[in-house]
Amino acid sequence: MSLIPDLRALRAAGAIAAAALATACATPAQKSATSDAEYLLTVTRPGLLHVIDMKTDRIARSCELPGKFGSGALVPTRDGRHAFVLGNLWEDVYGFELETCKLVFSARQSEGDVTVKTVQSLAVSADGSELYTVQNPVRRGADRFEVLPPRLAVYRIADGLDAKPVRSFPVKRRITKIAATAGGEVILGGADVEAIDVRSGAVRTVSALASWDRGPRWLTPDAFAMHSQGEHLNEYVMPYVTAKFADDRQDMASAEWWWGMSRVDLATGKAEAREIFPFEFVIFSLVADPRDRNILYGAFNTLSRHDIEKRETLKVVELDHTYYSLQLSRDASRVYVGGAGSTISIHDSGTLEKIGTIQLPGDMSTADVRVAWRRP
Amino acid sequence: MEKERNITSMIAAGLLALAAVVGAPERALAADGAALLAANCLSCHSAQGGSISRVEGQRKTPEGWQMTITRMQEQHGAKVSAEDKRRLIKYLADTRGLAPAETAGWRYLLEHDNNRVETIDGRYRDMCARCHSGARFALQRRSEDEWKLLMHTHIGLNPTLEFHSLARDRQWFPLAVNEVAPALARDFALDARAWKAWQAAPRTALDGSWRIAGFLPGKGAFEGRMRASAAGEDRYELAIEGRYADGALLSGRGVATVYTGYEWRGSVDIDGVALRQVMAADARGERMHGRQHFADSRRMGGALSALREGAAPMVMAVMPAQLRRGETAELTVVGSGLAGAVSLGKGVRVLEVVSRSPDRVVVRARAEGRDGLNDVAVGSARGKGLLAVYGRVARVEVEPANAIARVGGPGDAQMQKVGVAYRAIGWAAGRDGKAGTADDLRLGYLPARWSIEAADEEAEKAHDADFVGHIGADGVFVPGDAGPNPARPKSLGNTGRVNVVATVEAAGATVEGRGKLDVAVPDFVQRALD
Numbered sequence: 001m002s003l004i005p006d007l008r009a010l011r012a013a014g015a016i017a018a019a020a021l022a023t024a025c026a027t028p029a030q031k032s033a034t035s036d037a038e039y040l041l042t043v044t045r046p047g048l049l050h051v052i053d054m055k056t057d058r059i060a061r062s063c064e065l066p067g068k069f070g071s072g073a074l075v076p077t078r079d080g081r082h083a084f085v086l087g088n089l090w091e092d093v094y095g096f097e098l099e100t101c102k103l104v105f106s107a108r109q110s111e112g113d114v115t116v117k118t119v120q121s122l123a124v125s126a127d128g129s130e131l132y133t134v135q136n137p138v139r140r141g142a143d144r145f146e147v148l149p150p151r152l153a154v155y156r157i158a159d160g161l162d163a164k165p166v167r168s169f170p171v172k173r174r175i176t177k178i179a180a181t182a183g184g185e186v187i188l189g190g191a192d193v194e195a196i197d198v199r200s201g202a203v204r205t206v207s208a209l210a211s212w213d214r215g216p217r218w219l220t221p222d223a224f225a226m227h228s229q230g231e232h233l234n235e236y237v238m239p240y241v242t243a244k245f246a247d248d249r250q251d252m253a254s255a256e257w258w259w260g261m262s263r264v265d266l267a268t269g270k271a272e273a274r275e276i277f278p279f280e281f282v283i284f285s286l287v288a289d290p291r292d293r294n295i296l297y298g299a300f301n302t303l304s305r306h307d308i309e310k311r312e313t314l315k316v317v318e319l320d321h322t323y324y325s326l327q328l329s330r331d332a333s334r335v336y337v338g339g340a341g342s343t344i345s346i347h348d349s350g351t352l353e354k355i356g357t358i359q360l361p362g363d364m365s366t367a368d369v370r371v372a373w374r375r376p
Numbered sequence: 001m002e003k004e005r006n007i008t009s010m011i012a013a014g015l016l017a018l019a020a021v022v023g024a025p026e027r028a029l030a031a032d033g034a035a036l037l038a039a040n041c042l043s044c045h046s047a048q049g050g051s052i053s054r055v056e057g058q059r060k061t062p063e064g065w066q067m068t069i070t071r072m073q074e075q076h077g078a079k080v081s082a083e084d085k086r087r088l089i090k091y092l093a094d095t096r097g098l099a100p101a102e103t104a105g106w107r108y109l110l111e112h113d114n115n116r117v118e119t120i121d122g123r124y125r126d127m128c129a130r131c132h133s134g135a136r137f138a139l140q141r142r143s144e145d146e147w148k149l150l151m152h153t154h155i156g157l158n159p160t161l162e163f164h165s166l167a168r169d170r171q172w173f174p175l176a177v178n179e180v181a182p183a184l185a186r187d188f189a190l191d192a193r194a195w196k197a198w199q200a201a202p203r204t205a206l207d208g209s210w211r212i213a214g215f216l217p218g219k220g221a222f223e224g225r226m227r228a229s230a231a232g233e234d235r236y237e238l239a240i241e242g243r244y245a246d247g248a249l250l251s252g253r254g255v256a257t258v259y260t261g262y263e264w265r266g267s268v269d270i271d272g273v274a275l276r277q278v279m280a281a282d283a284r285g286e287r288m289h290g291r292q293h294f295a296d297s298r299r300m301g302g303a304l305s306a307l308r309e310g311a312a313p314m315v316m317a318v319m320p321a322q323l324r325r326g327e328t329a330e331l332t333v334v335g336s337g338l339a340g341a342v343s344l345g346k347g348v349r350v351l352e353v354v355s356r357s358p359d360r361v362v363v364r365a366r367a368e369g370r371d372g373l374n375d376v377a378v379g380s381a382r383g384k385g386l387l388a389v390y391g392r393v394a395r396v397e398v399e400p401a402n403a404i405a406r407v408g409g410p411g412d413a414q415m416q417k418v419g420v421a422y423r424a425i426g427w428a429a430g431r432d433g434k435a436g437t438a439d440d441l442r443l444g445y446l447p448a449r450w451s452i453e454a455a456d457e458e459a460e461k462a463h464d465a466d467f468v469g470h471i472g473a474d475g476v477f478v479p480g481d482a483g484p485n486p487a488r489p490k491s492l493g494n495t496g497r498v499n500v501v502a503t504v505e506a507a508g509a510t511v512e513g514r515g516k517l518d519v520a521v522p523d524f525v526q527r528a529l530d
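Chains A and B are the protein sequences, given in the same order.
Mapping to the working numbering: the first sequence position 363 is 363, numbers consecutive.
Mapping to the working numbering: the second sequence position 6 is 6, numbers consecutive.
Be aware that a few hints might be false.
Said to hold, decoys possible - Mimicking DMTMM-like on lysine to aspartate or glutamate, the simulated pairs with C-alpha atoms at most 25 angstroms apart in a straight line are: (1) B:Lys490 x A:Asp363; (2) B:Lys516 x B:Glu397; (3) B:Lys148 x A:Asp320; (4) B:Lys490 x A:Glu318; (5) A:Lys102 x A:Asp162; (6) B:Lys461 x A:Asp320; (7) B:Lys490 x A:Asp320; (8) B:Lys490 x A:Asp127; (9) A:Lys270 x A:Glu309; (10) B:Lys490 x A:Asp348; (11) A:Lys55 x A:Glu353; (12) B:Lys346 x B:Asp359; (13) A:Lys68 x B:Asp145; (14) A:Lys244 x B:Asp169; (15) B:Lys461 x A:Glu318; (16) B:Lys79 x A:Glu146; (17) A:Lys102 x A:Asp127; (18) B:Lys148 x B:Asp191; (19) A:Lys172 x B:Asp169; (20) A:Lys172 x B:Asp94; (21) A:Lys172 x B:Glu179; (22) B:Lys85 x A:Asp143; (23) B:Lys461 x B:Asp481; (24) B:Lys417 x B:Asp191; (25) B:Lys490 x A:Asp113; (26) B:Lys148 x A:Glu309; (27) A:Lys172 x A:Glu318; (28) B:Lys85 x B:Asp271; (29) B:Lys79 x A:Asp143; (30) A:Lys244 x B:Asp126; (31) A:Lys172 x B:Glu74.
I should point out that these hints are in silico values taken from the structure, not numbers from a laboratory.
Produce the complete structure using the sequences and hints provided.
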């Protein structure tokens with residue numbers, strides 16, 4: 001499939017349409033689709049944000065990202081009209097209007113001799129006015145590196161191109177996924193799940209994970225997520241792995257291994273953290289079924305469905321290669337599994353059988369796969 | 001004509017740079033070194049008492065310095081000519097190196113003899129030795145500040161380090177700076193008596209004639225003579241003659257540089273094969289020991305020892321190094337200036353001297369007596385514990401016991417196959433008659449038949465042994481091709497886990513030994529030290 005005829009020729013337009021849809025884009029029919037548009041968003045090398053129409057499973061348009069690839073983490077606004085992408089070696093943020101591919105926002109986080117990397121931490125406030133990133137700065141002096149403390153940076157989206165942070169607050173190290181709550185906090189996914197007040201910078205613990213105090217019968221959990229999980233339900237999910245020991249000797253061989261998660265309701269900022277099903281294989285991302293929030297889907301080398309009420313794995317199918325991320329169609333009938341390659345694999349959410357493929361023009365690598373539609 | 005052929009092969013081995021240097025007038029090293037630092041490094045570093053910032057607080061091996069300067073070039077854009085780099089490494093290793101006692105126990109990394117399970121202090125194991133060897137930092141000495149700066153460097157070069165498994169379950173960076181760096185500064189301190197003493201110790205030139213013995217994968221054990229003639233600036237030109245255990249002759253030439261007064265790095269061409277020598281000389285410059293490996297695949301190699309020849313006769317080795325009781329066999333005693341009666345120790349009768357020269361004496365001998373390590377003497381020259389006398393091979397050890405091979409190719413230099421050279425070591429049970437106890441008697445290397453088998457149930461099910469590669473009669477394991485194998489699941493390719501089995505036949509009995517071999521995917525980056 002040759003979706004990109006000539007990058008340079010189309011650069012002026014700022015948008016690269018899939019050949020098949022090039023003419024459709026210009027027609028008025030497309031405008032009326034906006035209100036119920038249902039898009040799947042992802043990024044591929046060397047630097048394209050793809051807006052995929054989930055009604056046709058075809059690329060509607062591809063927006064060109066400035067700079068180098070990395071990481072392709074992205075966050076759509078709640079109204080589904082804009083998306084912000086982490087680009088240029090995990091350093092810059094670019095905001096696009098999805099219907100037009102117009103670049104409406106940019107922030108270069110590195111400055112002078114300080115290189116700032118963001119490890120997937122991107123979020124937009126519930127009202128769509130502010131963008132948050134967690135910055136990990138390192139000064140590169142003439143003959144030495146100096147690691148500086150990380151911080152939450154707050155950008156005003158209205159500042160548009162070349163925006164600078166309007167506020168910043170210290171945060172812990174090693175934070176990945178973040179999400180904004182309705183109440184003016186940003187959930188910080190690190191070793192523990194914390195929330196920071198975006199006005200005062202005050203931090204509270206949402207779910208103690210690495211620092212939980214469950215005694216010697218429970219292994220300190222490994223809480224980690226690179227990809228967003230839950231925006232379609234206005235929730236934030238941080239999976240973890242732990243082990244339950246038979247006795248205080250912490251014998252790994254006889255331990256019971258569990259997946260768990262901290263699940264934060266972004267409307268209230270309240271969370272529940274607990275074990276959800278036995279650890280039998282690696283899962284990189286989890287999403288919940290909007291029809292029944294106790295049903296979760298997970299992906300990595302396998303696609304699986306779980307009932308977390310019963311703490312059971314219901315079904316597992318092998319995937320043709322490794323995938324990092326997954327999403328559900330709005331009606332939850334289809335699962336879209338992507339990342340780590342150039343194909344998005346589409347599955348029936350009931351049988352988990354493969355029912356289609358979206359071939360992308362490049363490798364998604366670490367990029368997110370996310371859904372954009374007008375959310376309540 | 002002979003001479004010309006040798007020169008071409010030297011050039012082929014990448015030794016061209018040397019030819020120019022050997023002809024050039026010698027320069028004063030110290031002044032030269034400071035000037036080289038100034039010319040190459042001051043655009044980013046600052047001058048600091050005859051040295052430069054960052055260099056000041058560190059000591060490391062020649063390969064350690066090579067790795068740092070390579071990073072200056074590749075990551076930071078420093079422009080350093082090949083000739084300046086060579087001289088800088090020499091200068092830095094000489095003035096800021098490690099004393100012999102400081103490299104003891106970690107030399108396998110310098111020798112690229114990496115098929116081993118490292119013993120690393122728990123506080124460093126997960127924090128540090130999961131990405132690279134523990135020897136990489138154990139072979140460095142730094143001030144506490146410099147150990148701390150190294151932690152900053154790690155995050156600077158690898159911004160996602162803290163997010164990796166085995167890093168994110170702890171506060172990696174604060175731990176590294178506040179706990180690991182101070183511990184490193186105690187365990188691997190910049191200021192050390194051993195280094196002061198070594199710097200003060202007189203240096204011995206290593207030119208002269210050396211009796212050498214070693215093992216080359218695919219060829220076998222060899223012994224010979226290496227003449228080293230001084231070529232200035234601790235460089236030597238080498239001429240090597242010798243023979244393999246099967247009688248085949250070997251000859252070659254090359255060059256060597258000695259760093260820090262004892263670190264011998266040779267680059268030789270033996271019968272058209274480019275080899276590297278990594279040895280350490282003892283304080284008196286009388287013996288050297290280390291490893292020789294192929295230039296194009298550094299994991300493949302074998303032991304190399306050298307004994308300096310002097311006026312006094314000496315016995316270096318006996319080949320083979322073991323004799324079974326009741327057996328009559330031919331043994332070759334190797335040494336220099338060998339004259340006089342041959343004694344193979346208590347209970348071993350020398351039946352006949354088959355042939356003799358000052359370099360080697362071939363005898364027919366028969367062992368009676370007890371299990372033990374016998375001294376071997378020729379006239380006044382004596383070698384201690386060189387001949388193992390035994391009744392029964394009680395167990396066989398495969399060397400290396402744990403190894404990683406890497407699939408590679410075909411035809412892609414970046415994805416070169418990494419094989420493993422195996423040898424079998426025999427052991428007698430010792431006095432207690434039980435194999436596997438402390439008093440077992442090491443019999444040395446024995447001929448063996450080689451095979452592979454699945455390492456466990458899972459590997460058995462996946463038929464790993466049919467795909468990972470093959471092991472030759474010479475004990476050399478050659479892994480399979482990289483990439484998918486249509487006969488196997490995509491994620492596997494030709495990787496897998498197998499046991500390497502050595503079968504030794506001795507006196508009608510069969511004894512097997514096993515080693516674990518992991519055949520893994522290619523490793524794309526090769527650094528000066530793994």
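Here is what the structure says about each hint:
Pair hint lysine 490 of chain B plus aspartate 363 of chain A holds up; C-alpha atoms about 18 angstroms apart against a cutoff of 25 angstroms. For the hint pairing lysine 516 of chain B with glutamate 397 of chain B, the CA-to-CA distance comes to about 11 angstroms; that is within 25 angstroms, so the pair holds. Annotation: proposed proximity of lysine 148 of chain B to aspartate 320 of chain A is violated, straight-line Cα distance about 44 angstroms (limit 25 angstroms). For the suggested pair lysine 490 of chain B and glutamate 318 of chain A, the alpha carbons sit about 12 angstroms apart, so the restraint of at most 25 angstroms is met.
Under the criterion of a C-alpha separation no larger than 25 angstroms, the hint pairing lysine 102 of chain A with aspartate 162 of chain A is consistent with the structure, at around 15 angstroms. Of the supplied pair hints, the one linking lysine 461 of chain B and aspartate 320 of chain A holds, its CA atoms being roughly 21 angstroms apart against a limit of 25 angstroms. With a CA separation close to 8 angstroms, the supplied pair lysine 490 of chain B and aspartate 320 of chain A stays within the 25 angstroms bound. With a CA separation close to 46 angstroms, the supplied pair lysine 490 of chain B and aspartate 127 of chain A exceeds the 25 angstroms bound.
The suggested pairing of lysine 270 of chain A with glutamate 309 of chain A holds, with an alpha-carbon distance near 19 angstroms, which does not exceed 25 angstroms. Simply put, lysine 490 of chain B and aspartate 348 of chain A have alpha-carbon atoms about 24 angstroms apart, close enough for the 25 angstroms limit, and the pair holds. At roughly 19 angstroms between alpha-carbon atoms, lysine 55 of chain A and glutamate 353 of chain A fall within 25 angstroms of each other, so this suggested pair holds. For the hint pairing lysine 346 of chain B with aspartate 359 of chain B, the CA-to-CA distance comes to about 24 angstroms; that is within 25 angstroms, so the pair holds.
Restraint check: the Cα-Cα separation between lysine 68 of chain A and aspartate 145 of chain B comes to about 35 angstroms, which exceeds 25 angstroms; the hinted pair is violated. Under the criterion of a C-alpha separation no larger than 25 angstroms, the hint pairing lysine 244 of chain A with aspartate 169 of chain B is consistent with the structure, at around 17 angstroms. A C-alpha spacing of about 18 angstroms is found between lysine 461 of chain B and glutamate 318 of chain A, which places the hinted pair at or below 25 angstroms, so the restraint holds. Among the hinted pairs, lysine 79 of chain B with glutamate 146 of chain A is consistent with the structure: their alpha-carbon atoms are about 23 angstroms apart, no more than 25 angstroms.
Proposed proximity of lysine 102 of chain A and aspartate 127 of chain A is supported: the alpha carbons are some 21 angstroms apart, at most 25 angstroms. For the hint linking lysine 148 of chain B to aspartate 191 of chain B, the alpha-carbon distance of about 16 angstroms falls within 25 angstroms, and the restraint holds. About 14 angstroms separates the Cα atoms of lysine 172 of chain A and aspartate 169 of chain B, which keeps this hinted pair within 25 angstroms; it holds. Using a Cα cut-off of 25 angstroms, the hinted pair lysine 172 of chain A and aspartate 94 of chain B is violated, with the two alpha carbons roughly 43 angstroms apart.
Our distance criterion of 25 angstroms between C-alpha atoms is met by lysine 172 of chain A and glutamate 179 of chain B, whose separation comes to about 18 angstroms. Of the pairs offered as hints, the one joining lysine 85 of chain B and aspartate 143 of chain A holds, with about 18 angstroms between alpha carbons and a cut-off of 25 angstroms not exceeded. Our distance criterion of 25 angstroms between C-alpha atoms is met by lysine 461 of chain B and aspartate 481 of chain B, whose separation comes to about 21 angstroms. Of the supplied pair hints, the one linking lysine 417 of chain B and aspartate 191 of chain B is violated, its CA atoms being roughly 41 angstroms apart against a limit of 25 angstroms.
The suggested pairing of lysine 490 of chain B with aspartate 113 of chain A is violated, with an alpha-carbon distance near 44 angstroms, which exceeds 25 angstroms. With a CA separation close to 48 angstroms, the supplied pair lysine 148 of chain B and glutamate 309 of chain A exceeds the 25 angstroms bound. Among the hinted pairs, lysine 172 of chain A with glutamate 318 of chain A is inconsistent with the structure: their alpha-carbon atoms are about 37 angstroms apart, more than 25 angstroms. A C-alpha spacing of about 29 angstroms is found between lysine 85 of chain B and aspartate 271 of chain B, which places the hinted pair above 25 angstroms, so the restraint is violated.
The straight-line distance between the Cα atoms of lysine 79 of chain B and aspartate 143 of chain A is roughly 15 angstroms, inside the 25 angstroms bound, and the hint therefore holds. Proximity of lysine 244 of chain A to aspartate 126 of chain B is assessed by CA-CA distance (about 22 angstroms); at most 25 angstroms being required, the pair is judged to hold. Restraint check: the Cα-Cα separation between lysine 172 of chain A and glutamate 74 of chain B comes to about 32 angstroms, which exceeds 25 angstroms; the hinted pair is violated.
Violation of the numbered hints given earlier is confined to hints 3, 8, 13, 20, 24, 25, 26, 27, 28, 31; the remaining hints are satisfied by the structure.
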